[in-house]
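**Student:** On the provided structure of chain C, position chain D with the ligand as indicated by the hints.
In order, the protein sequences belong to chains C and D. Number 177 marks the last residue of the first sequence (the numbering used here); no jumps. Number 235 marks the last residue of the second sequence (the numbering used here); no jumps.
Keep in mind the hints are simulated off the structure, nothing from the lab. The C-beta atom is built at its ideal place from N, Cα and C for all residues, glycine as well. Do not rely on the hints blindly, as some may be mistaken.
[Unchecked claim] Calculated Cβ distances over 12 Å to all of chain D for the following chain C residues:
id: 1; residue: A3
id: 2; residue: L110
id: 3; residue: E128
id: 4; residue: E129
id: 5; residue: A148
id: 6; residue: E150
id: 7; residue: I153
id: 8; residue: P154
id: 9; residue: T157
[What the hints assert, rightly or not] Which residues of chain C face chain D? A partial, calculated answer using Cβ under 10 Å:
id: 10; residue: F17
id: 11; residue: E48
id: 12; residue: R55
id: 13; residue: A63
id: 14; residue: A65
id: 15; residue: A75
id: 16; residue: R76
id: 17; residue: N77
id: 18; residue: S79
id: 19; residue: R120
id: 20; residue: R135
id: 21; residue: Q140
id: 22; residue: G152
id: 23; residue: S167
id: 24; residue: K177
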Amino acid sequence: MSALVVAIARTADREAFALLFRHFAPRVKAFLMRSGLAANAAEELAQETLLTVWRKASYFDPARAAASTWIFTIARNLSIDLKRRERHMGTVDLDAVDEEADETSGETILMSAEREARVRAALSKLSEEQATIVRLSFFQEKPHSQIAQELGIPLGTAKSRVRLALSRLRTLLEDLK
Amino acid sequence: MSVHSHPGDETLLRFAAGTLPAGPALLVEIHLQGCPLCRTAVRRFEAVGGALLDAAEPAALAGDAFARTLAQLGSAPMSGGLTGGGARRDHLEAAFSRPPAAPRLPEGLLLPEGVRLPQPLTSRRIGSMIPVSPGVRMGRVHVPEDGQSNVFLFQIGPGRAIPQHTHAGTEYTHVICGGFSDPSGHYGAGDIVEADGDVEHSPRVDDDGTCICLAAFEGRLRFRGLLGVVLRPFL
Ligand SMILES: [Zn+2]
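Chain C with its partners taken away, still in its complex shape (with noise of 0.2 Å):
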């Protein structure tokens, strides 16, 4: 999925877009309707979403990052833009600072891939409802509540449990730079 933006950001390759549009753009629309976007706002911020990956592609830096992991923040940062336009705020730029990435090697796509399948590795490791503590709290706008309830166990223990659950993920996550 890497090579697939290195080559956006090289050539224009509208078939590598084509693919990474088929793969991410259903999986964002999800995403997004998961943490409570309706379906019409979440089809639109998904193409919004693959258009930023088109225009910013000289911005992705594999080294630094996973393409999943960078296609994450740039819906994440439409969705907060969305809400902020929702109360009648200017928009912001959330990724001004961003620096174009430098000339991409083999090598560091490989990284990029490495670093996708650790994260994965690290997930599998958590227990059922730790997994599901997680994904919750990366979802919800109040997750503890959610999470009481999905658990079935009362709000303090379900505090405890969050903060259980996040450090074994840090703990499993140490050594990813």
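**Tutor:** Chain D with the ligand alone, transformed into the frame defined by chain C:
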């Protein structure tokens, strides 16, 4: 500046996920500028976000979604390459056309020599610093995109205490300069402290200098006693 006290894992995760309200997020953003440790933690959580995105069950798109996006590609400026692309030029132009204005300090704020307000704060509107108790002034930082939180800048004289207060949600405090102590420890410049709403506390500032700090309160804020009455219209 050496940071001793960091945002909690959950706060950093919510920041990375984009679900932390804008008020506390402003404080975290300022903390990250001075804390490489937390910057790394946020990047790890973003990588978790990427993995969750990648593993998401795809949602069906409208039949013409790809075609509609493709139709916009042509008009989208491509960046990078030897020709000097759009995006980078946009940023350069932005940098030149918008020279960083000398930050307007809120009325009534006295910054100790050599101290500046951190960057994300200087682009915010801050109300004048009104005296709320002996040696203590506070001014509201406007975060209109966050209807849930209250963000205040505090200027507290040596040896003075922040007035006793309670609040419904978490309180985040970021120290800009000086230091203060509460029963949980001592905090200095760059530190972020998180306190649960149910603890009633009034941190005391060090004797050797003014403390400027930024506080974000989730949920409604209540001050005790007469001060609460005086401040009611203000909160
Ligand atoms: Zn930190």
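**Student:** Less than 10 Å between beta-carbons is the criterion; does A75(C) satisfy it with respect to chain D?
**Tutor:** 7 Å, holds
**Student:** Per the stated criterion, does the least C-beta distance between E150(C) and chain D lie above 12 Å, as a non-interface residue requires?
**Tutor:** E150(C) is indeed farther than 12 Å from all Cβ atoms of chain D, at 16 Å.
**Student:** Any CB of chain D closer than 10 Å to the CB of R120(C)?
**Tutor:** 5 Å, holds
**Student:** Minimum Cβ distance from K177(C) to chain D below 10 Å?
**Tutor:** Holds, about 7 Å.
**Student:** Is the shortest C-beta separation between A65(C) and chain D less than 10 Å?
**Tutor:** OK, holds: A65(C) within 10 Å of chain D, min 7 Å.
**Student:** Does the closest beta carbon of chain D sit nearer than 10 Å to the beta carbon of S167(C)?
**Tutor:** 6 Å, holds
**Student:** For A3(C), which was marked as not at the interface, is the minimum beta-carbon distance to chain D over 12 Å?
**Tutor:** 15 Å, holds
**Student:** Hold the hint about R55(C) up to the distance rule: shortest CB distance to chain D must be less than 10 Å.
**Tutor:** 5 Å, holds
**Student:** Are all C-beta atoms of chain D more than 12 Å from that of E128(C)?
**Tutor:** Non-interface label stands for E128(C): nearest chain D Cβ at 14 Å, farther than 12 Å.
**Student:** At 12 Å, judged by beta carbons, does I153(C) keep clear of chain D as stated?
**Tutor:** 16 Å, holds
**Student:** Taking the minimum C-beta separation from A148(C) to chain D, is that value above 12 Å?
**Tutor:** 14 Å, holds
**Student:** Is the claim that L110(C) lies outside the interface with chain D correct, judged by CB distances over 12 Å?
**Tutor:** 16 Å, holds
When each numbered hint is compared with the structure, violations occur for hints 13, 22.
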